[in-house]
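> As a plain string of letters, each chain reads:
Protein chains: 2
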Amino acid sequence: MSEELVLKNLKDMDTGELTSLCSSLRGEILSATKSNGGHLSSNLGIVETTVALHKVFSFPEDKIIFDVGHQCYAHKILSGRGDFSAIRTMGGMSGFPDPDESEYDAFGTGHAGTSIAAALGLCAARDKRGEDFAVIAVVGDGAFSNGLNLEALTVSEKKPKNLIVILNDNGMSISKNKNGLYRSLSKSTIKEGYVKSKKAIKRIFGNSFITKFFKGIRNFFRRIINKDDFFYGFGFKYVGVVDGNDLTKLLPILERVKTFAKDKAVLLHVSTVKGKGMTDAENRADEFHGVGKEYKVKTGGFACAVGETLVDIIGKDDKVVAITAGMKDGTGLKKVEESFPNNFYDVGIAEEYAVTFAAGLSKGGLKPVVAIYSTFMQRAYDELIHDVCMQNLPVVFCLDRAGFVGEDGKTHQGLFDLSFSLSIPNLTVLAPNGKKELKDALFLALSLSSPVLIRYPKDCGEECCDSISEKPFAVVKDVDDYDTTLIAVGPRMKKIALSVAEKDGKIRVVSARRLKPVDSGFISSLKPGTTVITLEENAVIGGFGAYLSGFLRDKKIKLFSFGAKDGFVPHGTVKEQIESSGITAENIEKTVNSAR
Amino acid sequence: MSEELVLKNLKDMDTGELTSLCSSLRGEILSATKSNGGHLSSNLGIVETTVALHKVFSFPEDKIIFDVGHQCYAHKILSGRGDFSAIRTMGGMSGFPDPDESEYDAFGTGHAGTSIAAALGLCAARDKRGEDFAVIAVVGDGAFSNGLNLEALTVSEKKPKNLIVILNDNGMSISKNKNGLYRSLSKSTIKEGYVKSKKAIKRIFGNSFITKFFKGIRNFFRRIINKDDFFYGFGFKYVGVVDGNDLTKLLPILERVKTFAKDKAVLLHVSTVKGKGMTDAENRADEFHGVGKEYKVKTGGFACAVGETLVDIIGKDDKVVAITAGMKDGTGLKKVEESFPNNFYDVGIAEEYAVTFAAGLSKGGLKPVVAIYSTFMQRAYDELIHDVCMQNLPVVFCLDRAGFVGEDGKTHQGLFDLSFSLSIPNLTVLAPNGKKELKDALFLALSLSSPVLIRYPKDCGEECCDSISEKPFAVVKDVDDYDTTLIAVGPRMKKIALSVAEKDGKIRVVSARRLKPVDSGFISSLKPGTTVITLEENAVIGGFGAYLSGFLRDKKIKLFSFGAKDGFVPHGTVKEQIESSGITAENIEKTVNSAR
Numbered sequence: 000m001s002e003e004l005v006l007k008n009l010k011d012m013d014t015g016e017l018t019s020l021c022s023s024l025r026g027e028i029l030s031a032t033k034s035n036g037g038h039l040s041s042n043l044g045i046v047e048t049t050v051a052l053h054k055v056f057s058f059p060e061d062k063i064i065f066d067v068g069h070q071c072y073a074h075k076i077l078s079g080r081g082d083f084s085a086i087r088t089m090g091g092m093s094g095f096p097d098p099d100e101s102e103y104d105a106f107g108t109g110h111a112g113t114s115i116a117a118a119l120g121l122c123a124a125r126d127k128r129g130e131d132f133a134v135i136a137v138v139g140d141g142a143f144s145n146g147l148n149l150e151a152l153t154v155s156e157k158k159p160k161n162l163i164v165i166l167n168d169n170g171m172s173i174s175k176n177k178n179g180l181y182r183s184l185s186k187s188t189i190k191e192g193y194v195k196s197k198k199a200i201k202r203i204f205g206n207s208f209i210t211k212f213f214k215g216i217r218n219f220f221r222r223i224i225n226k227d228d229f230f231y232g233f234g235f236k237y238v239g240v241v242d243g244n245d246l247t248k249l250l251p252i253l254e255r256v257k258t259f260a261k262d263k264a265v266l267l268h269v270s271t272v273k274g275k276g277m278t279d280a281e282n283r284a285d286e287f288h289g290v291g292k293e294y295k296v297k298t299g300g301f302a303c304a305v306g307e308t309l310v311d312i313i314g315k316d317d318k319v320v321a322i323t324a325g326m327k328d329g330t331g332l333k334k335v336e337e338s339f340p341n342n343f344y345d346v347g348i349a350e351e352y353a354v355t356f357a358a359g360l361s362k363g364g365l366k367p368v369v370a371i372y373s374t375f376m377q378r379a380y381d382e383l384i385h386d387v388c389m390q391n392l393p394v395v396f397c398l399d400r401a402g403f404v405g406e407d408g409k410t411h412q413g414l415f416d417l418s419f420s421l422s423i424p425n426l427t428v429l430a431p432n433g434k435k436e437l438k439d440a441l442f443l444a445l446s447l448s449s450p451v452l453i454r455y456p457k458d459c460g461e462e463c464c465d466s467i468s469e470k471p472f473a474v475v476k477d478v479d480d481y482d483t484t485l486i487a488v489g490p491r492m493k494k495i496a497l498s499v500a501e502k503d504g505k506i507r508v509v510s511a512r513r514l515k516p517v518d519s520g521f522i523s524s525l526k527p528g529t530t531v532i533t534l535e536e537n538a539v540i541g542g543f544g545a546y547l548s549g550f551l552r553d554k555k556i557k558l559f560s561f562g563a564k565d566g567f568v569p570h571g572t573v574k575e576q577i578e579s580s581g582i583t584a585e586n587i588e589k590t591v592n593s594a595r
Numbered sequence: 000m001s002e003e004l005v006l007k008n009l010k011d012m013d014t015g016e017l018t019s020l021c022s023s024l025r026g027e028i029l030s031a032t033k034s035n036g037g038h039l040s041s042n043l044g045i046v047e048t049t050v051a052l053h054k055v056f057s058f059p060e061d062k063i064i065f066d067v068g069h070q071c072y073a074h075k076i077l078s079g080r081g082d083f084s085a086i087r088t089m090g091g092m093s094g095f096p097d098p099d100e101s102e103y104d105a106f107g108t109g110h111a112g113t114s115i116a117a118a119l120g121l122c123a124a125r126d127k128r129g130e131d132f133a134v135i136a137v138v139g140d141g142a143f144s145n146g147l148n149l150e151a152l153t154v155s156e157k158k159p160k161n162l163i164v165i166l167n168d169n170g171m172s173i174s175k176n177k178n179g180l181y182r183s184l185s186k187s188t189i190k191e192g193y194v195k196s197k198k199a200i201k202r203i204f205g206n207s208f209i210t211k212f213f214k215g216i217r218n219f220f221r222r223i224i225n226k227d228d229f230f231y232g233f234g235f236k237y238v239g240v241v242d243g244n245d246l247t248k249l250l251p252i253l254e255r256v257k258t259f260a261k262d263k264a265v266l267l268h269v270s271t272v273k274g275k276g277m278t279d280a281e282n283r284a285d286e287f288h289g290v291g292k293e294y295k296v297k298t299g300g301f302a303c304a305v306g307e308t309l310v311d312i313i314g315k316d317d318k319v320v321a322i323t324a325g326m327k328d329g330t331g332l333k334k335v336e337e338s339f340p341n342n343f344y345d346v347g348i349a350e351e352y353a354v355t356f357a358a359g360l361s362k363g364g365l366k367p368v369v370a371i372y373s374t375f376m377q378r379a380y381d382e383l384i385h386d387v388c389m390q391n392l393p394v395v396f397c398l399d400r401a402g403f404v405g406e407d408g409k410t411h412q413g414l415f416d417l418s419f420s421l422s423i424p425n426l427t428v429l430a431p432n433g434k435k436e437l438k439d440a441l442f443l444a445l446s447l448s449s450p451v452l453i454r455y456p457k458d459c460g461e462e463c464c465d466s467i468s469e470k471p472f473a474v475v476k477d478v479d480d481y482d483t484t485l486i487a488v489g490p491r492m493k494k495i496a497l498s499v500a501e502k503d504g505k506i507r508v509v510s511a512r513r514l515k516p517v518d519s520g521f522i523s524s525l526k527p528g529t530t531v532i533t534l535e536e537n538a539v540i541g542g543f544g545a546y547l548s549g550f551l552r553d554k555k556i557k558l559f560s561f562g563a564k565d566g567f568v569p570h571g572t573v574k575e576q577i578e579s580s581g582i583t584a585e586n587i588e589k590t591v592n593s594a595r
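Chain order of the listed sequences is A and B.
Mapping to numbering that gives the first Met the number 0: the first sequence position 462 is 461, numbers consecutive.
Mapping to numbering that gives the first Met the number 0: the second sequence position 288 is 287, numbers consecutive.
The shape of chain A in the complex, shown without the other chains (with noise of 0.2 Å):
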């Protein structure tokens, strides 16, 4: 679709017209998801309010945040920036809002729960510097309980002219009727007492014109006293719910929400179908959230394993329980969940309570297990050193998701997990290869009254025959007389050092699948003179590499370390992103001669 012909033509188009562009971009987004991979039922469900969106608004100098990011398809394709069929592969568009792609992109996002925060930043911002254009932030109901978003809700209830929330309900989160923010969105709270009191008014008064009467006063309220409410407290009007699929319902109300926003605030409650336009995605919404290639949905190695694993572990011991902050898919938990419901808890997109409420598990006398995507859990740094290790407290947490990604990219890298774990006091960190070290990972950790972080990647590799407690450096390749020990972290790590080591007879090789703490043992046997270096997908600043530094001070070894460089790694295939970090056989075989 030629971007010329998209914008000059969208501003006037008829409501048929655009439908018809809903359905070429509902094409467009099928084929570049299916080459690429990708985020589908989202983006299949949000391409008519983004269509209304760029028909009623002027981007960019309108501006407008997706939350979470990943349901952006629909409006960079509109926004034209290049080729959208080859979105998530290195070099093209990325799959979430970014700035430096494109002005259109008025925040970058990914993470959950940024959206309101930022608008409300633009709003200031544009406010004092006397400017006029309207900041629209698209937030879906999973997102809208993240405390971020609540905190940007609860601040003030002054809330700025000129911003439009919507609430992008596609009924995943909300329609379980799962929490407290539901209660107060799509019911009258105070239902029960108009229930209670139409009984009584019926009871006294009967069928008589004073019902009648009384019923017109109810009325009345009622239009007053709705739903309204919540979101009144708040500092919005609030105007819903429309059917967000439907054009013809959605145009006319967001041209008023243009108009009622010049006075005050206002979210637009949306109803949306997630996956809409192809019928499996409809179906299995929850399938086709993150699809690869071809539409393949592939539980990771690691998460298939962590679900067997727990599931084999709660049927000997019903302390054990599982945590998931809305991820209970990509986690793997969903198995627990089947097997075991009263022993899971799926806490939404909230990560710090998921780890402050297991903390309160754990000082209760259960032994609960976490988990959450690395990227993620920097969410609950704060939580994991303060209600977790500060207390010493026994939980598990088991980072799926950690090093390289591929095409989420930057935004969901998993490259700082060593970083923020590794100098926090009391915490074990373990990394295993594959599914058998991740259920010996796990039995450990479960074993242990105090706190661990389990950290992996996506898929498995091959893994090594001991146990973990018994070797947590292990010798995967020796010679008898090295001069270089390749120390790898993780299993894509170890077929490069793997890789480098065939061709060396002086190279041994060894898996840390125990990171914290290092194995002294192994330490002091290192033969002072060698060199030693270490392969990680984390940054090397602050490491794994940087850690071992500090054991190695008087030992007369020569360190060096690899892995993610000083900056953030854009998406890409995962091999793309190791070899443009510089961790390829090639280079290392440099490191070893020059240190020779």
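Certain hints may be false.
A pair holds if it fits inside one copy or across any two, identical chains being indistinguishable in the list.
To be verified - Lysine-lysine pairs mimicking DSS-like chemistry, simulated, CA-CA at most 25 Å apart:
| hint | residue 1 | residue 2 |
| --- | --- | --- |
| 1 | K297 | K334 |
| 2 | K554 | K589 |
| 3 | K526 | K557 |
| 4 | K470 | K574 |
| 5 | K333 | K297 |
| 6 | K315 | K127 |
| 7 | K435 | K505 |
| 8 | K476 | K333 |
None of these hints come from the bench; they were simulated from the model.
For chain A, the structure is supplied; the task is to place chain B on it using the hints.
Chain B alone, transformed into the frame defined by chain A:
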């Protein structure tokens, strides 16, 4: 007060005796705080409520969690655990709840927002294990709008039985009518609707019996539709507002709450006077919030400098704005509020929001300076990475209380900010020694077009003459033929380094004012074969020394690092904490000599 006497008798005391007990408690609190410093006003305000809780409930079987924790003094005295007069001194009682100290402290707290999440965890464990006790969370109004507490409220509308949340409203946040939560809490949110309809009815019906009839209906609805509805939606029965300083009112209500709670979670809203019982503290509650010995309140030297410098800068550049997360006094931003209220934002206890809001302000063209204590900045770690640094936004962070913090102890130490910040790409990290350097750092930071983090302890120290840009690493004691370089981060470390160097003609001392990017010119000038010793008030793991080691790998430099060891540092004086961390002249000299 003898423990046995209190515990045995409190349950038997009548209201008069309990009132006398409150006076005694106040006496002990005033006395210990005068001697050791501490959190005075909040503790004075919560005495009656604490006594009432101990009277009505049975600790430690029932569990109590104090959000933010510092208002636990009366509880500690009543639960008898040693010499209260030694509170906040090394080896003495902590100024915060600590399960290691006593089973009466159900959960360790210090940072705001954790109590409801932890309480829900305790309840879930209790219910799963078939146990039976009450769980009480005492939350101040300020902490109520923290994202973690909000997540805890929102995560599920089903709250456990036997959970009581006490909202301690001392008017310090809510009465200032600052946030959306207040509207819902203390006004009927449909008041506007009522007022309009009331006027309409009067206009139509005058003063006839029909108007009176409507008034009756109104009163009927009012009883049903009050603030009850807000918390009802979150699964609580709401009871309040009760005078939390009046035992005659509080005790009977608390008894009823205890009974209600057996069927449904209860939110009890109490109103207390901060500083109650000491006129000065009542009238100037903010000032007497955290006091030093003799109740002295001294604004930190760096905080003063931050306030003065920002006022100066904003006077010339209206785009500069200052943000605090509920700590305008401690951070020095109060001066900005007084001089430039339109350039000042206090977001309440919401650090995550503060940072993402600042990112929005920056994206909108303003120049935000965010002042948050080092320990509380841990809460906004992900927002720092994801919302600020990933978009390379020029936001300046001023982290006060970086380093050892003294008597507030382990929950407040600022010993991780270098470990978490040095690995973040795009972030410049500065560590000034005194007022002049702080100003220099602020001017430098605001001149850059990328994010900057400035960290410093409470009190200023001696400064260097050169600007930070010219000499990121400034040599403060030079020798011609050095064999050792002590690189100190911050004024206290510099002082220790100088005391070591003055007795040794081959040691030079460097003050590192810019930690990242390193001073590469200085690094390349280091003489091979010499020793570098880093001194920092931060964890050694992942700290500045570890960061520096990455630049010294091929330089034949012997590197040693002094800093906080791998453990949480308990309360005491700063001097005691520095010594117990081994950062002593004696140890440094030993290291120097062993390297020679």
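> Now tell me, hint by hint, if it's right for this structure.
Evaluation of the provided hints:
1. Proximity of K297 to K334 under the C-alpha cut-off of 25 Å is restricted to the intra-copy arrangement: shortest distance 15 Å within a copy versus 56 Å between copies.
2. For the homomeric pair K554 and K589, the shortest alpha-carbon distances inside one copy (23 Å) and between copies (18 Å) are both at most 25 Å.
3. In this assembly of identical chains, K526 and K557 lie within 25 Å of each other by CA distance both inside one copy and across copies; the values are 11 Å within and 18 Å between.
4. Taking CA atoms no more than 25 Å apart as the test, K470 paired with K574 passes in neither setting, with 29 Å inside one copy and 41 Å between copies.
5. For the identical chains of this complex, K333 and K297 are intra-copy neighbours only, at 14 Å inside a copy versus 54 Å across copies, given an alpha-carbon limit of 25 Å.
6. With identical chains, the CA atoms of K315 and K127 are at most 25 Å apart between copies only, with a shortest distance of 16 Å across copies and 61 Å within one.
7. In this homomeric assembly, K435 and K505 never come within 25 Å of each other (Cα to Cα): the closest approach is 29 Å inside a single copy and 55 Å across copies.
8. Taking identical chains as interchangeable, the C-alpha atoms of K476 and K333 are never at most 25 Å apart, the minima being 37 Å within one chain and 62 Å between chains.
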